[in-house]
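Trainee: Generate the whole structure from the sequences, applying the supplied hints.
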Amino acid sequence: MFSNPFVELSATISPELMQTYVVLMFLAVVGGTLFDVVHKKSAKYFFENAKKA
Numbered sequence: 001m002f003s004n005p006f007v008e009l010s011a012t013i014s015p016e017l018m019q020t021y022v023v024l025m026f027l028a029v030v031g032g033t034l035f036d037v038v039h040k041k042s043a044k045y046f047f048e049n050a051k052k053a
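Reminder that position 48 of the sequence shown reads as 48 in the working numbering, one-by-one numbering, no gaps.
Hints in this document: simulated from the structure, not taken from any laboratory. Ideal Cβ placement from N, Cα and C applies to all residues, glycine included. Just so you know, not all the hints are guaranteed correct.
[As the list claims (entries may be wrong)] Pair ranges (Cβ atoms, derived):
#	residue 1	residue 2	range
1	Lys52	Pro5	48 to 54 Å
2	His39	Phe6	31 to 37 Å
3	Asp36	Pro5	42 to 48 Å
4	Phe46	Val23	23 to 29 Å
5	Ala11	Ala43	41 to 47 Å
[What the hints assert, rightly or not] In silico lysine-lysine, BS3-like type, Cα no more than 25 Å apart, as pairs:
#	residue 1	residue 2
6	Lys52	Lys41
7	Lys40	Lys52
8	Lys41	Lys51
9	Lys40	Lys51
Mentor: As structure tokens, then:
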């Protein structure tokens, strides 16, 4: 029915390396999002509106 394309990848790359890659990408997304919020001053706008509510 369906085949897992990552089975062949695991033959050449260790599962630990794949897991490390996923964790690093997750941290990069979180870090980039936080940087964007600070850079655009979205957090300041959000907290000012939260105080008004």
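Trainee: Which hint numbers doesn't this structure obey?
Mentor: Of the numbered hints given earlier, the structure breaks just one, which is hint 3.
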